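Peer 1: Please build the complex by placing chain E on the supplied structure of chain G, with the hints as guidance.
Protein chains: 2
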Amino acid sequence: MILAVDAMGGDHGPSEICRAALMACEEYHDLELALVGSEPLMTPLLEKAATSISRRISIVHTNERVEMNEHPTLAIRKKKNSSIRIAMEMVRSGEASGCVSAGNTGAVVAGGVLIVGRITGIDRPALGVALPTLNKYTFLLDVGANVRNKPFHLYQFAHMGNIYSKRILGVAEPQIALLSNGSEDIKGDDVVSGAKALIAKSALNFSGYVEGDDIPYSRADVVVCDGFSGNVVLKFAEGLMTASASLLKEEIGQRILPKVGMLFMLPMMKDLMARFHYEKHGGTPLLGVNGAVIKAHGRSKAPAIVSALRVARSFVGQNGVELIREELG
Amino acid sequence: MILAVDAMGGDHGPSEICRAALMACEEYHDLELALVGSEPLMTPLLEKAATSISRRISIVHTNERVEMNEHPTLAIRKKKNSSIRIAMEMVRSGEASGCVSAGNTGAVVAGGVLIVGRITGIDRPALGVALPTLNKYTFLLDVGANVRNKPFHLYQFAHMGNIYSKRILGVAEPQIALLSNGSEDIKGDDVVSGAKALIAKSALNFSGYVEGDDIPYSRADVVVCDGFSGNVVLKFAEGLMTASASLLKEEIGQRILPKVGMLFMLPMMKDLMARFHYEKHGGTPLLGVNGAVIKAHGRSKAPAIVSALRVARSFVGQNGVELIREELG
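Listed in order, the protein sequences are those of chains G and E. Per my numbering, the very first residue in the first sequence carries number 1; after that it's consecutive. Per my numbering, the very first residue in the second sequence carries number 1; after that it's consecutive.
Chain G extracted, bound-state conformation (with noise of 0.2 Å):
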C-alpha cells in the first residue's frame, strides 16, 4: 500500500515527518511512502535508515507549500506545485492509496473537494474524530471540513458515521445521535430540529438529541453536529485536559507528600492521560470523498504523524471509500 505524506504541512515541516515516515515504515512492513516535499531537506534525514525500510519511502520533490493563514480554496487552485495539492494528485490518479497532511485544514478539505472529488450523494465533506470516552470511543463529526450546515448536510453526516463507527471501529450497531442544547424534542435550532425529522425517517439507528455531557460518558457511538460546534468541542477537549496535566504538575510541585505518592501513581496517572490526550490519537478522516484522505492535526510531531498513517492505513485497508459509496447507494 502505497500512502502520499504532505510533508511541508503542519508547524514542524519535514524533520517530524521522516521520523514518522521511518517509524511507521518500521512497525507495518507492507507500507511504502511517497514523502511530497523538499527533496535536499528531506534527503539527509532518510540516509541513515536501513535499506529494508529506506527502500519503502520515496521523494517527490516541490518546495511550495500552503502557508496555515491562506485562504483554502484560492491557495489549492493558485499553487499547483503545493505539497497539499501534489499528494492529494497522487490519490486521484491511483499513485497512492491515500494520503496524510498535517497543514492547511481548510486546503486539506478545499483539495478533497476540488482534486479527489467528492463521493456521488456527498454534498459536503466532514472530518470526524474518535474521541476516547468513557468505555469506548464515540465518533464525532463534523469537527472542521465544515462551519455551518444544513439539516440534509448533517443528515449526511449521520450516514458516513454509521458506516465508519461500523465498519472501521468496530461497532456492530452504532447509536447515532444529533449533539443540540437539551435532550427533549422542543431544544436545538431549525437546522438540528430540521436534520432529526430526517434522520428519524432514515434505518439509522438514531436516538434523537444528546448533550455535551452525553459525550464523554459514551452515551452515543455516532454524535453528528456541525463543523462550528465540533471544533469547538473538540478543540476545548484538548485544552481542557493539557490544561488539567500541567495543573497537577504544578500541583504536585508545590506539595511533598503527594510526591511520594506520585511515584506509585505515576504509571496510572499517565494511562489515563493518554487516553484522554486527544491530540495523540490523532489522524481524522476527511469523510465523503473518492479516497483516503486523512487530516494530522497541525501540531503533530512524528507519533501523531505515524497515528495518522494508522489510521490512514486501516481506512484504505477496509476499503472505506467503497464502504461509504455502498452505503449512500
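Take the hints with a grain of salt, since some may be wrong.
No copy labels: a pair is met if it fits in one copy or bridges any two.
Unchecked claim - Calculated pairs, EDC-like style, for lysine to aspartate or glutamate (alpha carbon to alpha carbon, straight line, at most 16 Å): (1) K150 - D11; (2) K150 - D190; (3) K166 - E26; (4) K187 - E70; (5) K150 - D189; (6) K79 - E32; (7) K48 - D189; (8) K79 - D213; (9) K166 - E327.
Just so you know, these hints were derived from the structure itself, not from any lab. Treat the numbers as computed from the prediction; the structure is a model and nothing was measured.
Peer 2: For chain E alone, coordinates are given in the frame of chain G:
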C-alpha cells in the same frame, strides 16, 4: 437582604432547598429568605432550626410548579401560582432583592423577560458562568438562555460580560473575546463575524476570536458565544471532568500499588476535581433583566443551592443590575 427561592424547582425539591436555606442563613447573618413552595412540606423541615436562623426564613405557600419538560413561555403565562412565577413577582414588586431557581431553565428565562422585565437596551438576556480555568476564572456567556443569536445580541452580551467580570469578579481590565472555530479572521460564521465587527468598534478591550482550547487556558476573561454553543461547552466540561474522575476511581480499584499512592494524593486530587467541578460552583446569573435572577443547576443539592444564593447575594450587594444599566447608558 431578602432573596426569594423557588422551593419547588429542581430535581430534589423542597428538602434540599430547606437544607440550603438553613445553611445559607447560618453563613450570612444579613440574609433573609422567602421560600416559595408547599408549606406543609417545608414547615417540618425548618422546625428544628435555632430561632436566630428560623426567624429569617419565611414561607410563601403554593403547590403549583413548572415541570422540567413544560413549554417555558406557556407555563409562565398560564401557571400564575407557580413557585417560579411568584418568586419573580416578588423581585418585580421589590419584596425580594433577587431570586434563585433550580427549575426549568427556559421558564427562568421566560419569567425573567415576562415578569421581571428586560433592561432597556437589552434585546435578549444571557446566562453567564464563571468557569474555573488555568489561572483564574473565565466568564462564559450565553450558556443557554438563548439558542441562536444575532450579531447585536452577542454585542450586548459582550458589554454585560465586561461589567460582570469587572465589578463582580474583580478583573481590572477584562479582555473580551468571541468563541469561534479558529483564530484567523477568515474563520467564524456570519453571526460571529458580524459580532466581531460590532465589538471591534466599541470601547471594550476586545481581542477577537478565541478557540475552544483558549477557554481552559484562561486566554480571555470573558468569552461570548450563542446559547447553543455555550450550553454544549458547559455541559461537555461537566461531563468530561466527572467522567475522568470516575475513570480514575475505577483504575485505582483495579491496581494495588496506586492505592498506596492514593493515600498521599487524595487531598490534592480533591482540590483539583473541585476546581474543575463546574456543578459545585452553582449559580448562573440571568444578565439583562431588571432584577437579580440566578439559575441553579437542576441537579443541585443543598451545597450547590447555597452557592447560587452566594452568587445572588454578591450580585445584589454589588448592585449588579444598576451597573449593567449604567454600562449600557
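Peer 1: State for each hint whether it applies.
Peer 2: Structure-based check of all given hints:
1. K150 - D11: neither (33 Å within a copy, 35 Å between copies)
2. K150 - D190: Close inside one copy (9 Å) and across copies (14 Å); limit 16 Å.
3. K166 - E26: Classified as neither; 29 Å inside a copy, 56 Å across copies.
4. K187 - E70: Cα proximity of K187 and E70: across copies only (12 Å, versus 37 Å in one copy).
5. K150 - D189: Both: 11 Å inside a chain and 13 Å across chains, each within 16 Å.
6. K79 - E32: neither (26 Å within a copy, 70 Å between copies)
7. K48 - D189: neither (57 Å within a copy, 48 Å between copies)
8. K79 - D213: neither (42 Å within a copy, 31 Å between copies)
9. K166 - E327: within (11 Å within a copy, 54 Å between copies)
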